[in-house]
Amino acid sequence: MIDQLNRYVFRFFLVIFFQVLILNNVQFSGYINPYFYIWYILVLPFDTPGWVLLLTAFFLGLGVDVFPQGIAGNGSTIGTHTAATLLIAFMRPSVLRWINPRGEYEPGTYPDSKNYGILWFLSYAMIMIGIHHFVLFFLEDLSFRDFLRTLLRVIMSGVFTLIIILFWEGIRFRIRR
Amino acid sequence: MQNLLRLIIRFSFQIIFVILEVIALTLVFQRNPLPHARFFQLSEDVNGFFYTQTNHFIRFFHLTDENSILVTENARLRNELARRPLKSSGRDSITIFSQPGYVFDYIPAQVVNNSINKQNNYITLNVGYSQGVRQDMGVVGPEGIVGVIRNVSANFSTVISVLNSKFKGSVKLSSNNYFGTLSWPGHDYKEAIVTEIPGHINVYIGDTIITSGLTTLFPEGEMVGRVKKVDRTPAGTFYELKVSLTQDFKKLTKVYVIRNFNKVEQEKLELQTYD
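Chains as they are written, first to last, in this note's numbering: chain A, 1 to 177; chain B, 1001 to 1275.
Since the hints were made in silico from the structure, they are not lab data.
C-beta atoms are modelled at their ideal positions from N, C-alpha and C, and glycine is treated no differently.
It cannot be assumed that every hint is accurate.
[What the hints assert, rightly or not] Not everything, but these chain A residues come out facing chain B in the computed CB check (under 8 Å):
{"id": "1", "residue": "V52"}
{"id": "2", "residue": "T82"}
{"id": "3", "residue": "F134"}
{"id": "4", "residue": "V135"}
[Claimed, not checked] Simulated DEER-style distance windows between Cβ atoms:
{"id": "5", "chain 1": "B", "residue 1": "D1136", "chain 2": "A", "residue 2": "F17", "range": "32 to 38 Å"}
{"id": "6", "chain 1": "B", "residue 1": "D1065", "chain 2": "A", "residue 2": "I118", "range": "48 to 54 Å"}
{"id": "7", "chain 1": "A", "residue 1": "G130", "chain 2": "B", "residue 2": "Y1204", "range": "46 to 52 Å"}
{"id": "8", "chain 1": "B", "residue 1": "T1026", "chain 2": "A", "residue 2": "I118", "range": "47 to 53 Å"}
{"id": "9", "chain 1": "B", "residue 1": "K1190", "chain 2": "A", "residue 2": "I2", "range": "24 to 30 Å"}
{"id": "10", "chain 1": "B", "residue 1": "E1220", "chain 2": "A", "residue 2": "R172", "range": "24 to 30 Å"}
{"id": "11", "chain 1": "A", "residue 1": "F13", "chain 2": "B", "residue 2": "F1011", "range": "27 to 33 Å"}
{"id": "12", "chain 1": "A", "residue 1": "I155", "chain 2": "B", "residue 2": "E1220", "range": "24 to 30 Å"}
{"id": "13", "chain 1": "A", "residue 1": "R11", "chain 2": "B", "residue 2": "L1005", "range": "31 to 37 Å"}
{"id": "14", "chain 1": "A", "residue 1": "T48", "chain 2": "B", "residue 2": "L1271", "range": "22 to 28 Å"}
{"id": "15", "chain 1": "B", "residue 1": "F1011", "chain 2": "A", "residue 2": "L21", "range": "37 to 43 Å"}
{"id": "16", "chain 1": "A", "residue 1": "R7", "chain 2": "B", "residue 2": "T1052", "range": "28 to 34 Å"}
{"id": "17", "chain 1": "B", "residue 1": "L1077", "chain 2": "A", "residue 2": "I118", "range": "55 to 61 Å"}
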């Protein structure tokens, strides 16, 4: 139990540092910005209590927010990651219930590709990434002025986030075997 | 009472979510600059530390590139110096530098964080008020202008990049001195637009755009870009020029913060006049 807690705490910081020190500096083009850190929320255990889930999401988002990509003064975009991550944490139980792979989730398993297959994980991740990126990019823009351009950013960044998450799941697969 | 308690427990997930989300959104929509400024004062030094550490490492890989840029810059400065007529002021006099003619000086700085892919891009520098940096100073790179200082902490400062929808700069065409406003439409980090150039003059593709010297931010003649495409506004009274920026923001490492010694005096006088 303590062992597992330690692993999650370690993973929490690992994910934040991976995001802010590496991914935030990788700029593929003007539109693409992968946000891998939400993977942490995706694969938390099924029996995570609600308040733990929400608080984790809050501090995860805040952790990414305090290292803004462009540090800003007025009208900066602080809080956007927090808001978006909180929302997907809130939606997580409903989304999981919605894409239930026939019957209940087995106790003691995790919502990852290892337990429920790559196709299930793909649809799960796509829904969560979609919600997160949509909220994130539109909060960042704070307007629907360039709706299509922002939507393009959502889609392209979302695809890259998905690729990195799937890649990471693939690596975990290999190590476990 | 007991019912209420049961209700709270039953909907605790929703309630916690709403409370936390409200906190997050308050941060997003916070328009009052003071808490923001405080927050950034705090986080800037923390971030600055991290970015400096990673930068020490990353800088190694850019040393060759950086050197060649600095060498070219040096050469240009030497040339400029050579072309400048020597002001001989008698054999036994001392040149006094605080008189007009010595208005600007340059504080060298290192970029420790930079973004180019947002609507509003910002840059962090490793100099702050201990090094003489203040708000609203101009920043230039080796190849052209970079932005304006926004927030300053003890040892770090943040810059509103030219690649920011809030950036406005006064620039002119070097061939005929007509001035206009530089801004960034927000998609390509290599391209900006210049508006308000009057429509009755001739503008040539490839003409250089330089700073106008009409604000206290930049001295006259700092490089900005080259005209890439000439458009007219619908009414035809003004040009809208697409400009390719000479400074490549993707490889920005060394910059200079421009200190204007006459800034306070000039702005004070202007303020009196406009009131």
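When the structure is checked against the list of hints, which entries are broken? Sort them ascending. 1, 3, 4, 6, 8, 9, 10, 12 and 14
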